[in-house]
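S.K.: Residue numbers (the working numbering), protein chains in the order written: chain A, 1 to 406; chain B, 1001 to 1548.
Treat the hints with caution; some may be incorrect.
What the hints assert, rightly or not - Straight-line C-alpha distance at most 30 Å; calculated DSS-like pairs for lysine-lysine:
hint, chain 1, residue 1, chain 2, residue 2
1, A, Lys-176, B, Lys-1003
2, A, Lys-371, A, Lys-360
3, B, Lys-1003, A, Lys-183
4, B, Lys-1132, A, Lys-297
5, B, Lys-1115, A, Lys-371
6, A, Lys-46, A, Lys-297
7, B, Lys-1054, A, Lys-46
8, B, Lys-1220, B, Lys-1115
9, B, Lys-1127, A, Lys-177
10, B, Lys-1220, A, Lys-177
11, A, Lys-371, B, Lys-1003
12, A, Lys-371, B, Lys-1054
Read the hints as simulated data drawn from the structure, not as lab findings.
Take a look at the letters that make up each chain.
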Amino acid sequence: MAELVLMRNFARANSHTLAVYREHGGYAAWDKAQQMEPAALVDTVKQSNLRGLGGAGFPTGAKWSFIPKNHTGPVYLVVNADEGEPGTFKDRYLLEKDPHALIEGMLIAARAIRSALGFVYVRGEYVQPWRRFSAAVKEAYDARLLGKGFDIVVHRGAGAYICGEETGLISSLEGKKGWPKVKPPFPAIKGAFAQPTIVNNVETLCCVPPIIDRGAAWFAGLGTKTQGGTRMYSVSGRVKQPAVYETSVSITLRQLIEQAGGMSHSGRLKAVVPGGGSAPILTADEIDVVMDVDGLKAAGSMIGSAGVIVLDESASIPEALMVLARFYAHESCGQCTPCRESTGWIYKMVHRIVEGHGRKDDLDTIIDVAKRGAGTTICAFYDGAVGPYISYIQKFRSEFETLCRS
Amino acid sequence: MPKLTIDGKEIEVEAGTNLIEAARRLGIEVPHYCYHPGLSIAGQCRLCMVDIEKAPRPTIACNTQATDGMVVHTETDRVKETRRSMMEFHLINHPLDCPVCDQAGECWLQIYYMKHGLYDPRMTDEKVHKPKAVPLGPHVMLDAERCILCSRCVRFCDEITGTGELGIFNRGDHSEIGLFPGRDLENNYSGNVVDICPVGALTDRDFRFQVRVWYLDTTKSICPGCARGCNVDVHVNRKRPHHAGGRRVARLKPRFNAAVNAWWICDVGRYGFGDVDADTRVTFPQRRTGGESADTDWDDALAAVADALRRYGPDEIAVLASPKQSNEDLFAIKRLCELRGISQVACRAPAPSTAADDDFLLRADRHPNTRGAELIGVGGDAAGILAAARAGRIKLLWVFEHDLLQPNWPAAETAQALDRVEMLVWSGTNGNATSARAHRVLPLAAWVERDGTFTNFLGRVQRFRAAVQPLGEALAGWDVVGRVLATLGAPAIGSRAEHWFRELAKSMAAFGGLTYQMIGDGGAMVAGAAPTTAPEPPGRRARSTVTA
């Protein structure tokens, strides 16, 4: 098993406390970073090949470099801890078990982008992670790690999936309805409260202290050519040991399932959702895929938030799609017409099919509607829904047709 | 300034112009719902997609600024296909109740479906149901099922009035427009949300079910509700007089004028046209002897007034003109006073004490032409005339429009003054307590029944046009006074408002050089007045830099 980077402290008693974190090298990277110029920090992160671990996989160093150089007002660092992608539960563990890693990552990132204020937007349902993280922030203030040029505001969400979309999150943070914003302007130019803003995922920022501590080359070497490091895979479903697994991003899906103990009971693998609910589904034949951003892209799916949902032969794909379709219909913010109207419509069609009142041409209608809406909306929510709509039906069409009346 | 190409035509636009506006200037319509030039960019209807060369997929035109060398196509196959898709998405949950919808005929769902939709409907499932016929306030009715959630009304209340009554509640296809708890849509600009609603979701409680819009005719006009002079269209129903209980003026709609009111008008003005078709209209000349009032004809009425003007000495005559009258009317009155040497002429009466400027368009002075009266030289205060009348020094008093017995005047003193006048002539559109005491009542045509100009408080001269025929025998003010002048032997000026304006422009420096042609649809400034722009909406002024 590869060396643990992100979960290095998880097994220790009281890993969430400042004392334990410091005892095992915590905040050493921050000490080092304070001796570095912001531009050097950005360069180091660029060289580490760190890519955003919240879903989009955007290179983190490049994102940081988008802050306008001549900007004189405030710059904000926003941490996306609104972990809501179906099948994903990694940030929760980081907030609960190693909150100081996030604070240290924020300190370094804030220095890199010259921000004096960070917001941490915690998913509303994450009560224990919020308590742990808030306590850690208090410890950091008491230890004068925070409050000396950088402050953290912890903000709790109210339960909307769309508030995990970075501009939806910003709207919500600003006290508005959590509607994603039209781009341009992009957040790095005009984000929270109309100021340049960097939004990073929890796990992404937790990678930063080890990168500064041990060097970009070391981190890049842990991963693949185009993506450095390890990441935390949330593995759920019909495996023997569903849990969060940290491994190099060069692992294949087959290896990951084996690492999770293989299929549970005597179940035979049927399909895998490799990157959270919004990732197109893979069949049992498609699991020799490298679990990094580009590997899954090449396989026609996406790594997303690395939420791996393993389905065995007992699972009904139409029912699985119905559950997801209901989720998307429920969570569409309602702003853009194609998403607002068609998520509900598609759910009704899939529901009708599962209830035994479907027609085979419904399947073509769903695919056509999804394709027509794809790429037409303000944010990526709808594209995230389109992947499942199309892939579930295309890859398991006979299962849907069996349920149809005509 | 960026130069770009749209559908093969080159155009240069100011930096910051978006592609909808750039295309509009070439006469190319990019269909859209949520975009409105007076509001912020929402980008949510997704209908205004255009193809930009080198872009991987169609892009929304509303949020794309023109850049130098940009090549835009608005009619490629994939743009057309995208529009068709967007129309289908907009309509799958729409109730398709056009036959009973007040918006039918001016609905952008109908228009764009016919232009850009024309697909075979595929939606066979139950539609989403939402509240219907919900009053949002005194003037606006909501049908949430017809709403396409373009958010124009929400943005209007946030960005223009700054009152923020409306929001979009719930999510997904259960999203609906609604009022925040404890609020009503009762700001003085609420009617504008009906204008900017592209569909039948927000309808006008005053107008709805009165008449089908395709029976309406439109005339360019000026709101007479206050000294701002907002540009309006008067929509009149001439084709179906049996509809709406004989009401001729169906509604007023704002007419864009960047220098005055931009896209907006206030509710006081919008719903202030009721007098035009009210039962109080005076439609025939009347004479009163003792307590008895009887209709007469113009020959008799004009002869009587001319006779009185000859009979009494100039010091015994006073004229009380009105700031509701047009420049042409007031100029005719001025001419009459000059001819007869009458020096006691005034215009101003005490304003109703409750009136005040609001924070946007509405002025405390609820008269459209106070500035014109001042410039023409009939704008003085009426108090001196009334005092003279009370003292018995006025024998002939000709009152235009005013009700001198209205509560804002000391009624007992006024009554005393009127009692001492030997001949009280009253001319106006709608009878009142003063006309009831007049010896002669001369019916005037309402502002929608004639041509003319008003001068707004900033000195902008603007034209209004006849939309309907005058009721009964009513005549324009300049016509009545002009006929009296003719009876008195004055040289003829002409039989149209424009003749009187030409004479006004010749004889008054402030109006020098102005003609109806140059005033046109947008108005023209009197001499010495600085050019104007519409005021900054309060919603924008209130906004802090944080959300700017």
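S.K.: CA of Lys-1054(B) to CA of Lys-46(A), is that 30 Å or under?
M.R.: holds, 28 Å
S.K.: Taking only the CA atoms, is the gap from Lys-46(A) to Lys-297(A) under or equal to 30 Å?
M.R.: The hint holds at about 21 Å.
S.K.: Is Lys-176(A) within 30 Å of Lys-1003(B), Cα to Cα?
M.R.: Cα-Cα ~37 Å, so violated.
S.K.: Within a Cα-Cα threshold of 30 Å, do Lys-1220(B) and Lys-1115(B) meet the stated pairing?
M.R.: Holds, at roughly 28 Å.
S.K.: Tell me if the straight-line CA distance from Lys-1127(B) to Lys-177(A) falls inside 30 Å.
M.R.: Status holds; Cα separation ~25 Å.
S.K.: Given the hinted pair Lys-371(A) and Lys-1003(B), is their Cα-Cα distance within 30 Å?
M.R.: violated, 34 Å
S.K.: Hint check: Lys-1220(B) vs Lys-177(A), CA-CA at most 30 Å. Holds or violated?
M.R.: Between Lys-1220(B) and Lys-177(A) the Cα gap is close to 40 Å, so the pair fails against 30 Å, i.e. violated.
S.K.: Within a Cα-Cα threshold of 30 Å, do Lys-1132(B) and Lys-297(A) meet the stated pairing?
M.R.: violated, 46 Å
S.K.: Can the restraint linking Lys-371(A) and Lys-360(A) be considered satisfied, given a maximum Cα separation of 30 Å?
M.R.: Holds: Lys-371(A) and Lys-360(A) sit about 18 Å apart, inside 30 Å.
S.K.: Do the alpha carbons of Lys-1003(B) and Lys-183(A) lie within 30 Å of each other, as the hint requires?
M.R.: holds, 23 Å
S.K.: For Lys-371(A) and Lys-1054(B), compute the direct alpha-carbon distance and say whether it is at most 30 Å.
M.R.: It holds: about 21 Å lies between the C-alpha atoms, which stays within 30 Å.
S.K.: Quickly compare the C-alpha distance for Lys-1115(B) and Lys-371(A) to 30 Å and report which way the hint goes.
M.R.: Distance of about 22 Å is within 30 Å: holds.
Hints 1, 4, 10 and 11, counting from the list given before, are not met by this structure.
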